[in-house]
Every structure is written in C-alpha cells, then in structure tokens.
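Asker: Listed below are the residues making up each chain.
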Amino acid sequence: MTSSDKSDYLPTDWNNQTELGERLHRLLTLLFPLNRSLTGDGARQTLHLLREHCLPDLRIHEIPSGTKFFDWTVPDEWNVQQAYLIGPDGQKVVDFDDHNLHLVGYSEPIRCTLSLAELQPHLHSLPELPDAIPYITSYYQRYWGFCLPHKVRAALPEGDYQVVIDTRLQPGSMTYAEWVLPGESEQEILLSSYICHPSMANNELSGPGVGVFLMAWLASLPRRRYSYRLMLVPETLGAIVYLAQHLDHLKRHTLAGFNLTCMGDERCYSFLPSRQGNSLADRIGRHVLSHIAPDYQVYSYLERGSNERQLCAPGIDLPITTLMRSKYGCYAEYHTSLDDLTLVTPAGLAGSFLALRRAIEILELDDRYQVTVLGEPQLGKRGLYPNLSTRSSGGQTQDMMNLLAYSDGRLTLFEIAEVIKVPFWQIAPLADILLGADLLRRVNVISENSVNS
Amino acid sequence: MTSSDKSDYLPTDWNNQTELGERLHRLLTLLFPLNRSLTGDGARQTLHLLREHCLPDLRIHEIPSGTKFFDWTVPDEWNVQQAYLIGPDGQKVVDFDDHNLHLVGYSEPIRCTLSLAELQPHLHSLPELPDAIPYITSYYQRYWGFCLPHKVRAALPEGDYQVVIDTRLQPGSMTYAEWVLPGESEQEILLSSYICHPSMANNELSGPGVGVFLMAWLASLPRRRYSYRLMLVPETLGAIVYLAQHLDHLKRHTLAGFNLTCMGDERCYSFLPSRQGNSLADRIGRHVLSHIAPDYQVYSYLERGSNERQLCAPGIDLPITTLMRSKYGCYAEYHTSLDDLTLVTPAGLAGSFLALRRAIEILELDDRYQVTVLGEPQLGKRGLYPNLSTRSSGGQTQDMMNLLAYSDGRLTLFEIAEVIKVPFWQIAPLADILLGADLLRRVNVISENSVNS
Amino acid sequence: MTSSDKSDYLPTDWNNQTELGERLHRLLTLLFPLNRSLTGDGARQTLHLLREHCLPDLRIHEIPSGTKFFDWTVPDEWNVQQAYLIGPDGQKVVDFDDHNLHLVGYSEPIRCTLSLAELQPHLHSLPELPDAIPYITSYYQRYWGFCLPHKVRAALPEGDYQVVIDTRLQPGSMTYAEWVLPGESEQEILLSSYICHPSMANNELSGPGVGVFLMAWLASLPRRRYSYRLMLVPETLGAIVYLAQHLDHLKRHTLAGFNLTCMGDERCYSFLPSRQGNSLADRIGRHVLSHIAPDYQVYSYLERGSNERQLCAPGIDLPITTLMRSKYGCYAEYHTSLDDLTLVTPAGLAGSFLALRRAIEILELDDRYQVTVLGEPQLGKRGLYPNLSTRSSGGQTQDMMNLLAYSDGRLTLFEIAEVIKVPFWQIAPLADILLGADLLRRVNVISENSVNS
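Chains as they are written, first to last, in UniProt numbering: chain A, 1 to 453; chain B, 1 to 453; chain C, 1 to 453.
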C-alpha cells in the first residue's frame, strides 16, 4: 500500500496544492537526467525509482527484443556508454555526458574521423532556436547523429572531426510498468502515460509524474467506486505491446480513460477528444476545463499525436481523452532541450493534477438523484433557506433550487451541472446537504453505466 | 355561459384590438386597489369580481388554514383593518389607506412607540428608486414592517414614532378559483395565473386579466377542439394546493399550457421555456413571438420565477411555457408602486392577448394535410393562380405553392409554417382554400397527439 | 454504344478539361438557334441532334396532345412559320427570324392592324435592361405577343402596326427523350434536364449539354457500379409526364439524382438541396462544392424553381439535388436574350461537368474499409512512410494516417473524407494504396444502400 508518510516525494496533504506541486516538481527533478528511450536502462531506472519512492506495488515488466505484437516487433535494446565529437582543435564539441539530447536516439555505435562536410548529414540543429538542442530519434532505421545548438554548429571550423559513439544496440528487452488499484467495481478508469523521452520535462516527464501522483492519491482514499489502471509504457510501441496483452480485458472494463501528457507548464489548458468525441471521458474533460480554464484550447482528434493513436484506434476504441497544458507540437520548446524544469513549474503540475482529480471525482461521485417531494420543497422550514441566503452564499441558494428543479431521477448530477452551468464540484456538496435533509434520494448510477456504450 | 353582451368589461368584438385593450385595462382598474395577498379578502374579492363581471361559471374555492399539501401547509389568513406610522410631529408618515404596498405583506399586529433607530429595521425603501414604494412580504416568518419611498425615509426626523398595525393573522382560508371550459376533446390547454399581488399592474394583474379574457373569448367560439382550464391561485402555495388536488388529471390531460404573467407593458415580448424546453407549447410560443416580435427576449428556465417552478417541477412536468412582456425581475418598476396602470397600457394588454390567442389558434387549427395530386397541381385551371398573382397577393401564391410542396401527410400545418418561415395564421386560410379546391385532404392530427409525449 | 471517336462534339480525352469545355460549347452552339418550346419541332430537332452527335442510343418519345398525366394535360403542339411586326413606315420592327425570343411562346396565329396603343398590351420589354429581349410564354392561356428591347419599344412612333403571326397551335405531340445506361446494380442515378427553352444558353442549354456529356463519359467507363438514367423533357409538364410513366420504377430504384440546370457561366457555384435536404445526393453535392468552390452559394428548397418541384413533390420524393452555376432567377441576364453563348463559356461548362463527375465518382467509388491490423500499422517497414514523407507529399502521409485511423468498417470513405475534412478524390487513391498493402480490406457498401431510406 502506498503511504505518503514514507515518501520524500509524495505530499503529506493531498489538498495542499502548493506542497503537491513542489513535491511533484522534486520527483521530476530526480528523474530528469536519466536517458530514457524506447528501451534501455534510462526507462528501466525511471520505473524502478517511481516504484521505490511513490508506488511500491508498481509492477515492472520486461519484453524481450524480437517479440511481435500486432503489426510491430520489439527492437534491440539500446544503451549508451559514451558519445562525443572532438573537433579539429582536439576539444569536445558535443558530449552526451553534458546532455543526453546531444545523441540521436538509437544511434548505432561508430568510431571514425570525418571532415566537416562529411559530418554535416549527421548533425541536427534548429536555426530558429539557435540555443536549443533538438530531440531526434531513429528507432527503426540504422543511423547515428549528434544534436547541438545551431549557434554552436554554425561556428564549427573546417577540419577533421573524431566521432566516438559507444552504444550497445543488441537483443535485450523493452521495459514498462502497470498498476491496478482495485475499487468497488471491476469497471476501470485508465490512466496512460509514457516514459521513453530523455531529458525533457513537459513532454515528457509531467505525464508519468501526474499519473503516479493520481494513483497515490487514489490509493489514499478510504473507498473508490471504480478500479484504476496506470500504464507507463514507451510511446507507440509500448502502447501496442500493452494493448496486445490486455485488449479483451480493457475493452470489457474501461469506462473512461485519460492520456497523460504535457501537464507541466502554466501557459494554458488544452483538450484533445477521443476518436468518437463524445465519450463520458470527453464530456467530463470538457466540463472540467470549461470551469477551471474557460479559455482552454480545443483540438481535434485530427491533431492527435500521443498514445491515443493506439488507444483509440479502430478495433481498440477505448474511450480515452487528453487534458493537458501546452500541447505537444504547439509550443516553441517542444522536443528540444528548452523543454526543461523551468518551463515546467510546481504550479503548472499542481493545476494539471487538480484538473484530473476533478475529472476523477466526477466519475466517483456522479449519481442520479430524485427530489422526494412534489413541487418545490419549503426550504425555509428546514433552515436551508435563511441559512443560505446570506450575502456570501446567495448563489448557493440558487444552485440548490436549480439542483432540486432538475433532480428528476433521469439526469445525473453531472448532467445537471452541465444544464445549470455550474461546476460539478460546486453542486456535489449541495446534493449531500439535500440528501441529509431527505429532500433528495439517490438513484445509483453505477450499475447502469455500460462500458464503451 | 359567458356573454360579453352583459358585461361592461368584456369586449363586444373580439377582433377589435382597441376595444379589447381598453376593456381589459378598465377591468384591471376595477381590481387594482384591492389588497391581494396569499390569503384574505383582497384575493377573495378579486375572484368574486371576475366571476361577476366576466366569467359567471368561475368556481371559487376556500382551503382552510392548516391543511397540508405536498411539502407545504396553508398558513393563517391575513387581513388588514388599518396600519399607519405616526411621526414625532404627530403626523402620519405612511398610511396603508394611501397605498396597500406601504404595509409589509403578512405584517403581524402591533402597537408600540419606537425611536427612529429602533424603527429602522422595520422600514424598507429603495435608494435607487427614491419615489417608489417597494413590495415586501414575510409570509412564513412573523414580522411587521412598513415600505416607503426612500426620499421620505431619508427625511424622517429623530424622535418617537407610533406604530399602529391592526391586522388579523388567524385561522381562515386560502382562496382560489378555476374554470374548465369543455371542448370536443378531453385533452386540455392549461392557462395559469395568480392573484396574490396587491396594487401592482404588470406583475400582477395583467396575467389574470388576460387569462379571464382568453377564457371569455374561447367561450364565445362556436366550437373548440380542446378543453381549456383556467387556474387563478396565489403564487407558489396556490399552485402547490391546486396541483396536489388535480395532479393525476392534469398529467393525463394537459397537452400544453401557458403561465400568464407580466402581460401589460409595451416595451418588449419575452419567452421563458418549460423545463424540458421543447414541448408543443414551447415550439408554438416561439413561433408566435418570432413572427409578432422578431426581437423578443429569450430567457432560460434557469431564470424562472413564477408558477412554472411548480408546474414544471420533477414529477409534475406539465408542458407549460411563458409568453410575456417585460419579465418579472427584469424591469425597473418590478415589485414597486411604479408598476402601475400607466406602465400597463391597453395596447400592451391587447398585444399580449393576441399573442396567446395566436398560440391557442395554432393548437385549435393545426392539422396534417396531404396533397391529393402527384406532382404540382395546375393551379391556373382552377382559377387559383391568376386570382392570386395580383400585385397585392404575390406572396400568397408562393405560400400556396410552398404549402402544397410540404403537405406530405407527415408534417403538420404548424410544422410547415416553421419550415417555410411564415406565420401559421398566414397559411391556415390558404389550407382552407386548397381544401375547398380538393387539392388538399385533411389527415386529422388530434387523435395522434399524446399528452406529455 | 457511344463512341467519342466518331463525334465532332464529344471530347477525345475525358480528362482534358480544355478540350471538354470547347467541345461542349460547340455542341451548344449547334443547338442554340433552334426554337425549343414546350412542344414542337425545336425541341424535337434538339433531341434528334443530340442522338445523332452524342448519344446514339437515346430514345425519343412523342406523347399525343390531350393525353392526361396526374393533374395535367398535354396541350396542342406549337410551331412557328413566321412572325413579325411592321411599323407605320412599312419596315419590320421585330422579326422572329432575327431572334426566336421576339415571339411570346405559344402565341396564337393572328394577322391584324393595330394602333400603337392597341398594340402595347401585346408588347413586352425590360426598362431595366433596355438592350435585352425578354423571354415570355403563355402555354395555357390563349394569347399572342412580341418581346423586344425596351429601347426599341420606347422609340416606336404612333401609327398603324401590322401584326403577322403565322403559327400552328393544333393537336400534335410533346417530345422527350431518355436513356438508361446499365451498371452492375439495378439501382439508378438520375440525371434530369429540360429542353423547352428557345435561344438561351445558361438557362437552358447548359443543363442538357452537361447531362449528355456525363452520359457519354459514363458510357466510356469499363465498368459502372450503378445504372444511370438521363431524362430530357420539357420543364414541368415533361417531368409530370415522365414521372407518371415511371413513378414506381423510379421510387424503387433511384439512389440519388441531380437536376441539371444553369451550368454554364463562370461566376460562382450554387447548391439547392432536395426537399428532405439530407439525402445522399445532398451530402455529396455539398461535399463536392465545399472543396471545389468553398464560397459556393447555398439556397433553400424554398427557392426552388426547376424540375425538382416535380421530382421532390410529396408522394414522389426522389432524392434529387441541384449543383449549378449562377442560379435561375438570380443573375441579370436570366430569361433574356443576354443569356447567350458569351455568358456561357467553355471553362464554365467544363467546371460544371467536373463537379458532377466528382459527385458521380463518389457514388461509384465509395466503400467501407476496415483496417486489417490493431493499433497503427508500421508504415515504415512497408516503404509507405519514407516514400511519402518527402516535402511534396507531407500532407499525404497525414491523410493516410487519418484514413487508417477512421477505417473502422462503419464509416464509408465518403464519411471519412467529411470527418477528416479533405476531398473524397484526395483519399480515394490512398485507399487503393493501403488496399494494395493489405492494410485495409473492403467492406462493400453497395448492397447495404437502400433506396430512399
């Protein structure tokens, strides 16, 4: 069982947004330097650290190279001993030890000496961001290369360059992790993120960070209506592997899910729907963002680019949506060394956590209610009307009257929140008060929810 | 049977809008001074006068104090003998005999002498409307108070004030009235208004006035497809009482209904939908207003505040909508002495009557028609084309062609009016012409209309 | 069988838009001078010329005067020998031999001498277009008259005018033509146009011209999924006659249809929906125009005015829509001598042909596809990803990924094109590539399409 008392990284109080953001940022700082990739020790160590510090029951799996899943095959495992480039003057021009983005992901081993002209096809930089190291990989085509700031590249003198890339690209395994936290129902909420990006923060350490925190928070709750499944896998291939192993179960049990990515900056909130576009997760996601960030960016599924590509593919069709901060591909620092732990902030992370927590709370607390009297109840004689009509709670009376006016046993609390245009979390406590006053009775919703309907 | 010949208040010609407005305004002038309230002689006399002058078959009921309905109990009956406030100089500062709004509704009896400071918690005025007497009640909490123009209140000198409130608040009864005018069908159209407001005109004497006129007009018709039910009850409690007594019948028989309130000024038209929002009454109401006042104000059910709160409550769910002039709560004079018979005009009242009459005519005349020939009929050989294509009736030919083009036996005349974007009352006469020319046959709609579907 | 090799009017290469436009314009030039009307030799010769030069299997029918169909009767046949007006100075003022619009259609024969004042009720001109000869007919009311430019009329001197109208209005027949080109399915696509307009070009020679070209193009195809039916009939009455003869067959077999009219100018594209508004033809028509002319004009069925009035009438209900250029009634030259072969251009005609061809290709090629692998396929290992990711084909990769992402066996290719917001013809070739790579399999759509559903 997760116990945040024993962790230096989990918050002691899940309602303290400040502490939560700082702890989550601290966790990302721990993991940031590791050289995550599609396979290899970086991803493996990342998962082991998450298990050690946050989720003791996290299950870590190794899938051997060469294993086939759907249309894909797990490639050789890639690890880096050292990689650097020495210039004509004998000085190191770029060094993997300085920043793991300097080396193209999955670079094959090589040692050679090349002229600058011969070297150029193996160099990558961004003229429009001259200080940034770009992030480049070549998973499925043998290649090697270095990434460097354009201003460094532009200043390279003519002459001979010595290339040293000591990598191992050989049969091994691909590593991923999962954890299923049981609830009262076998129906599951899926939280999916990925752990294949080297030293970048928004895309991607924020996603697995928030996912781990959400699971730890859920584990701290006295009860959960639904079961929760966390999957931390390499992007694309890892999702393919996981789906191939669990497809029937996931299709039968997944009520809703969230793809966790790009959750760390403070610039905006963004929403990317599921392929079908109107699943429960979609509707809840839009509700949450419309209230916490009314000007949030709405993207189309046509602008997808993360693991929803697999989770929502035809024949898989999981009802997965994405609530994020600045979307991958849509911010300047994306896939460069500038996507770091200054771009990603404690407040940014805490905001994303809260958005997802709100969405989960809707899933956990939504119910159908029916008013117990015909016509409007007389709130005054129950002390509800005067108690509530003070200056500070004027809106609350209106909310309560609206809640009663729509509690017809057909609409759920979430649907009522949508109709009366207030956040779910604003009326859920009122439903409890009215329940306590015997003015509402609960018509439980959970048994009627059908998966993937 | 109502006979307008015998009344000085009903019009002699229902198609004369000018006479109709003047007669209706005269009726309101008769009723205006009475001290209507939740109970008491003011409401009782109002109903008796309406029976005497307009609706001889109006049935008036008395419900004893203490009787319970749904969540409510009929309170003690309240009547006023006299009520005034004498200032330090021995002069009456405010006097109920001058304006019945001066006394807070349901003020308990009291005689005492107070300093100005002690008196202030019992005084009510509106700084933003310094000439207006506000309308205040305290039905369910024992209290007394005076309402007065702010400019009078602000000028009150220090000193002792003598309070004289001779009211009776003791077991009696609550009074309401109803009338069911039978038609060919047992399905009913409900007209609901309320009679609990003292001397105010738009909110509320215009509503019961228009309701009584509509019933008298309906009674004057040679035939009625539907039955019509008028309920004139105190707001909220009266609706609760009435619903509790008739709920099964109303739910089974009410095809559509209109809440009648705020129907007297000339500023605008307003629409407030039923809770479900798309009942037949809603669709007809929007149709009527969109043609007689295209810039009418549309409100949401979230802005409700009249008896639709009870009529549309969960489990009651009557398909009731509200067509009105300036909406309660949305005009400056609302609930003050400025809401008087200068704000409410003959033209304003006549316009509201006509809007409701149009809505009722749609209910009465709507039918499904089917064109009797395949392809367009040759109107020319029937004298319909040349007859109609004069300069003044150019649009009529187009309307007739459109009516034929959509009379497929599925759409009703009302639905066709919506599709071809003309008022129902513009094409209903054309349907009669085409029926006479054997180009349309009627597919009667009435038997297919299911209540509350 | 149609063979374009043998025709001077059909193109040798259906993909050469320039040649196609020029050939079509040449065909219209051949037909332009004929005096088409509701009946008579002009319409008859037009159909015989189309059979001779373009569609050797066109079937031409004659319906005797006096035959009744639905609400209509075929009138006497009308032919003109000569018609002119001689002024006071003995000179011909207007002469049918100069322009067949000079004579009111269906003018009865007459020889008389009239003063200018007596003549005026028989003269028609347009003050707002002083150079134009208007187009006037009086099919069902005995009348005679001349049409002339307003500037000529205004200059007519007082004096005696000699009227010579040698026409024959006597029992004969009404002529129309049809051709059914069989396909693999008995389901039919209906192409309907009309041949009753004298010397005008946009409204109407462009419609039958494009219709004939479409049929010749369809006949040149190696296979056709659907059967194609061309009807060339006089407007209104001809459609009535045709429908009366074929109604059961058309209702059972017509999957979609297009009314062909006003297809020759270059100003804009216009769309007029079917009565129901959302038939397959409507959806396809809007798709085509939204991609080839995003600013196309959308009209309502309330603005109808061509044979869709009969084809979409209640009880007939064929799913017919209209894609056109400048709509009848909506351009200055409409129904005047200015609607000529300078207004109608080769490019205008070729554009309309292509729009209809695109619509037909969607009908012919649409299918349901299902992706054959779960999750995204690995395009790279099939040479599809690198082959496509060149600078010029960047969008193609995205289209291909989107096509795979939505090929769930439920959406058709057309529906996917709508969802991913690209033209059908942009992704149809990609579906073929993916089919060839065994990444898609076809779930044939044709057997599931139900007519008039």
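Simulated from the structure, these hints should not be mistaken for lab results. Among these hints, one or two may not hold up.
Put simply, identical chains are the same to the list, so a pair is met inside one copy or across any two.
Unchecked claim - Each computed DSS-like pair below joins lysine-lysine, with the alpha-carbon atoms no more than 30 Å apart:
| id | residue 1 | residue 2 |
| --- | --- | --- |
| 1 | Lys92 | Lys151 |
| 2 | Lys92 | Lys421 |
| 3 | Lys151 | Lys381 |
| 4 | Lys251 | Lys92 |
| 5 | Lys381 | Lys92 |
| 6 | Lys421 | Lys251 |
| 7 | Lys68 | Lys381 |
| 8 | Lys381 | Lys251 |
| 9 | Lys92 | Lys68 |
| 10 | Lys68 | Lys421 |
| 11 | Lys421 | Lys151 |
| 12 | Lys68 | Lys151 |
| 13 | Lys251 | Lys151 |
| 14 | Lys381 | Lys421 |
Asker: All the hints need checking, so say for each whether the structure fits it.
Answerer: A quick look at each hint next to the structure:
1. Lys92 with Lys151: Result: close within a single copy only, 16 Å intra versus 87 Å inter.
2. Lys92 with Lys421: neither (60 Å within a copy, 50 Å between copies)
3. Lys151 with Lys381: neither (76 Å within a copy, 35 Å between copies)
4. Lys251 with Lys92: Classified as neither: same-chain Cα gap 52 Å, cross-chain 80 Å, threshold 30 Å.
5. Lys381 with Lys92: neither (82 Å within a copy, 36 Å between copies)
6. Lys421 with Lys251: between (32 Å within a copy, 29 Å between copies)
7. Lys68 with Lys381: Answer is between: at 14 Å across copies they meet the 30 Å cutoff, but 69 Å inside does not.
8. Lys381 with Lys251: between (50 Å within a copy, 28 Å between copies)
9. Lys92 with Lys68: neither (40 Å within a copy, 92 Å between copies)
10. Lys68 with Lys421: Result: close neither inside a copy nor across copies, 49 Å intra and 34 Å inter.
11. Lys421 with Lys151: neither (52 Å within a copy, 40 Å between copies)
12. Lys68 with Lys151: neither (43 Å within a copy, 85 Å between copies)
13. Lys251 with Lys151: Intra 50 Å, inter 72 Å, cutoff 30 Å: neither.
14. Lys381 with Lys421: within (28 Å within a copy, 50 Å between copies)
Figure legend: structure checked against the earlier numbered hints; hints not met, in rising order: 2, 3, 4, 5, 9, 10, 11, 12 and 13.
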